[in-house]
Amino acid sequence: MKKMLSVLLAAMLVLLAIPAMAEDQVITVVTWDATTTPYLAAQKEAFEAANPGVKIEYVDVASQDYAVKTTTMLEGGDKSDVYMIKEIDNLINWQAQGFAAPLDTADYDMSGFVGTEANYAVDGVQYAIPFRSDFWVLFYNKDLFDAAGVEYPTNDMTWDQYAELAKKMTNAEKQIYGTHYHTWLSAVANWAVCDGVNTLADKEYSDLLYFYKLYQDLEDSGACMSFADLKAAGLHYSGAFANGNIAMMPMGYWYVSTLIGYNKDGTCNFNWGITAVPHLEGVPAGSSFGNLTGAMINAKSENKDLAWKYVAWLGGPEGAKATASVGARPAWVSEDVAGAMASVEGFPADETSKGALLPSGVAMEWPVAEKVADIKTIVNEEHSMIMAREITPEEGIEEMNERVAELFE
Amino acid sequence: METAIHSRQIRQDNPVLRKIGRVIIWILLIALAVFTLIPFVWMISSSLKLDREVFAFPMRWIPETFHWENYSLIWQKVPLVTYFKNTAFIAIVVTILQTLTSSFAAYAFAKLNFRGRDVLFLCYIGTIAVPWQAYMLPQFIMMRSMGLYDTLWAMVVLQAFSAFGVFLMRQFYRSIPTELCEAARLDGLSEYGIWARIMLPLSKAAIATLVIFTFVNTWNDYMGPMIYLTRDVNKTVQVGLRRFIQENSSDYHLIMAASLCSLLPVSIVFLCLQRYFIEGIATSGLKG
Amino acid sequence: MSQAEVKKVRRKMGKLERKNTLVAYSFLAPNFIGFAVFTLVPVICAILLSLFEWNGGDISKMKYVGLDNYATIFATKKVAEKGIEYFFNRADLGIALKNTVYYTIVTVPLTIACALALALLLNKIKGAVFFRTVFFFPYVSSMVAICVCWSFMLMKNGPVNQIIMALGIDFNKGWTADSTMAIWAIILVSVWRNMGYYMVLYLAALQGIPRELMEAATVDGAGKWKQFLHVTLPQLKPTTFFVSVMMVISCFKIYDVVAIMTEGGPGRSTKMLVTYIYDEAFVKIRYGQASAISMVLLVIVLLVTIIQFSSEKKFSND
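From first to last, the protein sequence lines stand for chains A, B and C. Here the first sequence is numbered in this note's numbering, starting from 1 and rising by one per residue. Here the second sequence is numbered in this note's numbering, starting from 1 and rising by one per residue. Here the third sequence is numbered in this note's numbering, starting from 1 and rising by one per residue.
No wet-lab data here; the hints were simulated from the structure. Hints are supplied without guarantee of correctness; some may be wrong.
To be verified - Distance condition first, Cα-Cα at most 30 Å in a straight line; then the derived DSBU-like pairs of lysine-lysine: (1) Lys213(A) / Lys203(A); (2) Lys19(B) / Lys98(C); (3) Lys79(A) / Lys69(A); (4) Lys44(A) / Lys371(A); (5) Lys77(B) / Lys86(A); (6) Lys79(A) / Lys85(B); (7) Lys203(A) / Lys376(A); (8) Lys79(A) / Lys77(B); (9) Lys203(A) / Lys156(C); (10) Lys309(A) / Lys86(A); (11) Lys371(A) / Lys224(C); (12) Lys203(A) / Lys86(A); (13) Lys167(A) / Lys284(C); (14) Lys77(B) / Lys321(A); (15) Lys371(A) / Lys98(C); (16) Lys204(B) / Lys78(C); (17) Lys69(A) / Lys85(B); (18) Lys77(C) / Lys376(A); (19) Lys61(C) / Lys69(A); (20) Lys304(A) / Lys44(A); (21) Lys376(A) / Lys19(C); (22) Lys19(C) / Lys7(C); (23) Lys86(A) / Lys284(C); (24) Lys79(A) / Lys63(C); (25) Lys63(C) / Lys174(A); (26) Lys264(A) / Lys86(A); (27) Lys376(A) / Lys61(C); (28) Lys213(A) / Lys371(A).
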């Protein structure tokens, strides 16, 4: 009896020890919307398959509170291995505070990032690797164009042509809007940076005037919903376009995967396509602006080598394929990746849409610059005043110029 | 003067006028109740719609088709049961601790004379005045070094000793006549005895109020759990609700459904406790 | 009395006082220890932080700057150059202060009036349980849901505007997108949400009014209005003190409704002190300046409280 018991005990101990011995190495990654973002699931699956014995564990933070939560975590000495970077400012701050570990990129191929990785470098040292790069495209509802007998928009259209097209597509009786602008600065006036020369931190904002005037003209003619209504209802562009009464909408590339999802679950059932965003006279067709998403390694991580393996993979061609497989746009650009993006189930099959996948140039929505967080606040405040028609575009731009200048006195 | 009294008496005695007064009060109350409830009607109707129908124009108070599945969807999409359990744990423990310790401390502030009382009390009120966003960081660093980060106990210690409860109870105790305490002291009761046998029974309504407020505030707190709780097993309902709001899309219909569900436990607590507002201290033999 | 006797009495009294103080501390201890560790110490840290420049990271990066943070937020240089109008019309702190004070001055009396009226109406009436629950409902529900809901109610063609139009008033604006109406949208939501909360406080306090007092007043032939003015209102003073202090504080700390409904806009028309603090601390990572703004808030609220406090003392001494 005693013997049996001791054997049993020994067996139990062995059983307990096995999982302990075979325990996976874990990389903790702080990110947002972890359960609902398809590319995060795809990346995790692909990385774990390629690296047996290593597990990715996401720490999920609500997207609208990402800045405050991650800042507190880092200040509090959090040891999570990898932090994803939602906005470039995040990294600039974290680097200055010493939270970002410098990366050894001497043997790391960054050619596929076409220069965007420079946004994550400080004094020539790389602190993060981009893995997603969203740029803006023009979405359009093919069914509405067919019904109206109007030709589809193309990849080479000026803003004036676009405005004309929007008015043509508008049908007040049928409650059809020619176009749709979300309330953000980026949806209305950020286009001025597409030329690659202007930036929103250059202290001179007269280049935005054209776009505010264009917008107000469209709003006055009823070609788009009014800012006041959108703002009050918090009406989300995703639902608005999915309603099927909006002909065109400039929006970030990320909306492609949302629309594919909507088509699948039946939320909307019309045909749609994408084109390059319109351009100004004299700016090459296919110029757009966008935003980067990347990953950095926490300076307090106890697992830096493994974390680097993951971050390097994430940005590189393999990670890019995983990211592209669900319709998101990776930072690594190549024909291969564009092919992967176009072959996602549900992506529009026409040539124009495919052509829109390779923009001729992508400027940064917000550049890395001194006091950029303060400038952002000011420009956004004046933007909302112009949009709510509290002040004219001219007055708003003057305010922007004046207030930004005061920052640097 | 005489006519004034006369007319008042008429008003008081005339049953017709009285009835009209009653009716006016009722109409007023019902109108106010409708104003208060309309947003909830909208919430209920939105919770039964599809996402894109929520803000569609023209608005519909009654959904085209009732999507009851939204109410089962919320339990599948996020681990709401865990969230409810966590929130209930925090709310109950905080409420017990808060009620006990603050009614104790409030007695000292209201009925005892001791050196430094007013300064200490101002300290309490002073901290209420500092917005949490301002001292969140030092507090976080401290709590982390105590190993409380990402545990439910972090939320308990954070909320259980708030100055609010002390202040509230002090105000109630002050309205209880001091003569009562003095009489008890002469009868040989210790201060602890006075607190237990006189103050507590007399402040049922106040305690019910504090319980309701603490429970509701803890239940609905968002910023605290958002900062201190990270792993999914530790999250609370309010934090969980925000998971329906994502970077590029929001499921407003699900937010409405889930927040209506989270309304239930708090409403029950309120319904159970509100009878104490009827049996007040007025009937307990006090002389005014 | 001889010298010795006086001394004896004094010593006895000193002993008694010491004993009393000990008893008082024993009452305070359970709450105070928790309060001191988890709230008071961090608050003191925040106060000190306002004298430092610290943009996060290692604590060694903190730099003592004296009152520089205050000079920055009060824009002293510009004010000296362009006059005090600059502070209130252009500086972030001035605008936030103006908005917050405006919001507080309107919201506090409005909420108190509504709460008191509701409590009086519901104190002794059939069906009170139902109505009390109804009016408390807004406070119980989650903030996001409420704000989303009200944003919709206050749209240009929303239900609220439809009612206003039906009353014959020409009003056709989306509340949250208009720089004069946006703050009223926030006031409306705040009053709607909080009146039930303060109603509960008043209800609890009304239970505390000895019935004998009311009866005595009725025997004296006092009408309802006089009874209210001379019996009910004075008896409610401690509660009103509490309610007004708490309301002033919570109004000065308004954050959630603004963050969800207007994000401080349009322009800076609903920028409040705490939204400003949040922005400085967690967007611009200037903890020192954020603390300095909190101190401005703390000083204002303390001043208001001390005024209210001393008037309470006067009352209790009558």
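These are the hints, each one checked on the structure:
Of the pairs offered as hints, the one joining Lys213(A) and Lys203(A) holds, with about 20 Å between alpha carbons and a cut-off of 30 Å not exceeded. A distance of roughly 47 Å separates the Cα atoms of Lys19(B) and Lys98(C); the hinted pair therefore is violated under the 30 Å criterion. A distance of roughly 14 Å separates the Cα atoms of Lys79(A) and Lys69(A); the hinted pair therefore holds under the 30 Å criterion. Among the hinted pairs, Lys44(A) with Lys371(A) is inconsistent with the structure: their alpha-carbon atoms are about 36 Å apart, more than 30 Å.
As the CA atoms of Lys77(B) and Lys86(A) are separated by approximately 24 Å, the hinted pair is consistent with the 30 Å bound. For the given pair, Lys79(A) sits about 28 Å from Lys85(B) by alpha-carbon distance, which is consistent with the 30 Å threshold. For the proposed pair Lys203(A) and Lys376(A), the alpha carbon gap of about 11 Å is at most 30 Å, so the pair holds. Of the supplied pair hints, the one linking Lys79(A) and Lys77(B) holds, its CA atoms being roughly 29 Å apart against a limit of 30 Å.
Among the hinted pairs, Lys203(A) with Lys156(C) is inconsistent with the structure: their alpha-carbon atoms are about 35 Å apart, more than 30 Å. Note on Lys309(A) and Lys86(A): the hinted pairing holds, with a Cα-Cα distance of about 21 Å set against a maximum of 30 Å. Using a Cα cut-off of 30 Å, the hinted pair Lys371(A) and Lys224(C) is violated, with the two alpha carbons roughly 63 Å apart. With a C-alpha separation of about 24 Å, the suggested pair Lys203(A) and Lys86(A) falls inside the 30 Å cut-off, and the hint holds.
For a cut-off of 30 Å, the pair hint linking Lys167(A) to Lys284(C) is broken: about 41 Å separates their Cα positions. Note on Lys77(B) and Lys321(A): the hinted pairing holds, with a Cα-Cα distance of about 27 Å set against a maximum of 30 Å. Note on Lys371(A) and Lys98(C): the hinted pairing holds, with a Cα-Cα distance of about 25 Å set against a maximum of 30 Å. For the given pair, Lys204(B) sits about 56 Å from Lys78(C) by alpha-carbon distance, which is inconsistent with the 30 Å threshold.
About 23 Å separates the Cα atoms of Lys69(A) and Lys85(B), which keeps this hinted pair within 30 Å; it holds. Between Lys77(C) and Lys376(A) the CA atoms are separated by roughly 23 Å; this keeps the pair inside 30 Å, and the hint holds. With a CA separation close to 21 Å, the supplied pair Lys61(C) and Lys69(A) stays within the 30 Å bound. Pair hint Lys304(A) plus Lys44(A) holds up; C-alpha atoms about 18 Å apart against a cutoff of 30 Å.
This hinted pair does not check out: Lys376(A) and Lys19(C) have alpha carbons roughly 61 Å apart, beyond 30 Å. Our distance criterion of 30 Å between C-alpha atoms is met by Lys19(C) and Lys7(C), whose separation comes to about 18 Å. With a C-alpha separation of about 15 Å, the suggested pair Lys86(A) and Lys284(C) falls inside the 30 Å cut-off, and the hint holds. Taking the CA atoms of Lys79(A) and Lys63(C), the gap is about 26 Å. The hint holds against a cut of 30 Å.
Taking the CA atoms of Lys63(C) and Lys174(A), the gap is near 64 Å; set against the 30 Å cutoff, the hint is violated. Taking the CA atoms of Lys264(A) and Lys86(A), the gap is about 28 Å. The hint holds against a cut of 30 Å. For a cut-off of 30 Å, the pair hint linking Lys376(A) to Lys61(C) stands: about 26 Å separates their Cα positions. For a cut-off of 30 Å, the pair hint linking Lys213(A) to Lys371(A) stands: about 28 Å separates their Cα positions.
Of the hints listed earlier, those the structure fails to meet are numbers 2, 4, 9, 11, 13, 16, 21 and 25, in rising order.
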